[in-house]
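Colleague: Dock chain A against chain Z, hints included.
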Amino acid sequence: QQQVKQSPQSLIVQKGGISIINCAYENTAFDYFPWYQQFPGKGPALLIAIRPDVSEKKEGRFTISFNKSAKQFSLHIMDSQPGDSATYFCAASHRAPNTGNQFYFGTGTSLTVIP
Amino acid sequence: KAGVTQTPRYLIKTRGQQVTLSCSPISGHRSVSWYQQTPGQGLQFLFEYFSETQRNKGNFPGRFSGRQFSNSRSEMNVSTLELGDSALYLCASSSDRDIMTGTEAFFGQGTRLTVV
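For the protein sequence lines, the chains are Z and A, in the order given.
Quick note, the first sequence lines up with residues 0 to 114 if you use the numbering used here.
Quick note, the second sequence lines up with residues 331 to 446 if you use the numbering used here.
Next up, chain A with everything else stripped away, as it sits in the complex:
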């Protein structure tokens, strides 16, 4: 069974540009979450999508947005990039079968974004 796939693995962008990252979850998983990982802040939750709907959102500015497609693949977009957006962006997928308790989350290898 294939794991969580994130593309691209590395990106270098200029301040002010926008970027789109992609995540393909494990087959059959309908929940996709995004996290930002930086040395100073650790892993910070961005948002979660389930069945094409954003279910939960972390404390990030509106420049960070996402969407999910009918095949559960998800994209994350960051507009007007700032130097501080340089980070490892991780995607996690869950089966979400048990709606009332926490479920296992499996992470991709991440996309390393560098803003210059």
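Same shape as in the complex, but just chain Z:
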């Protein structure tokens, strides 16, 4: 069962446009929601992350919007650039004493930004 559902599977955006990727989760114990960016041949790189006590976090052109009641969170990339073309993964995790830290990943969104 997919614990984190991500959409869309692929996205094509014009340069300068806004890219929006959505994720939904079921487990209310999740308390950390990172987004990762992955280029071909590379490992995922942490882009931005949010905890459920805030509804929005912005870092440069990247913004996470978090809706706790709807159990949804999304990544907005403003002024999208060709260099943003990559695969984006949302993830969620929760911790409990002595049980470790396990991340559940969405299935990924392949973003293509057209010049």
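Worth flagging that the hints you see were computed from the coordinates, not collected in a lab.
No residue lacks a Cβ here, since even glycine has one placed at the ideal position from N, Cα and C.
The list that follows gives simulated cross-link-like pairs (lysine-lysine, DSS-like), each with its CA atoms no further than 27 Å apart:
1. Z:Lys-56 to Z:Lys-70
2. A:Lys-387 to Z:Lys-41
3. Z:Lys-41 to Z:Lys-14
4. Z:Lys-67 to Z:Lys-4
5. Z:Lys-41 to A:Lys-343
6. Z:Lys-56 to Z:Lys-41
7. Z:Lys-67 to Z:Lys-57
8. A:Lys-387 to Z:Lys-70
9. Z:Lys-4 to Z:Lys-41
10. A:Lys-343 to A:Lys-387
11. A:Lys-387 to Z:Lys-4
12. Z:Lys-70 to Z:Lys-4
Pairwise CB distance ranges, derived in the manner of DEER restraints:
13. A:Thr-368 to Z:Ile-17: 27 to 35 Å
14. Z:Ala-28 to A:Ser-409: 31 to 39 Å
15. A:Gly-414 to Z:Gly-40: 15 to 23 Å
Modeller: Positioned in the frame of chain Z, the structure of chain A alone reads:
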């Protein structure tokens, strides 16, 4: 500060063989997790080690095992390789300072395993 280092970067093995992959976490990080990435299944959690102990395990068969050494370096072993084990194996390290909330995980570049 050096990042997460995985070796080797590429491996080609024959069905039935076994393989060992290595991961050196970021200096000071004691938590190491392993993930399998395939086009069809995405990123799937294998297991996590902390202070040489396996703390958490995903839903993979017993052919997949791992260990962690006192210097936090970790190895992952896959025995009796199957064609379906072909994947990118990723290692992630965390500082794990905050035990009650999720912590940042930093990934290595992965080991691309091809089973023929």
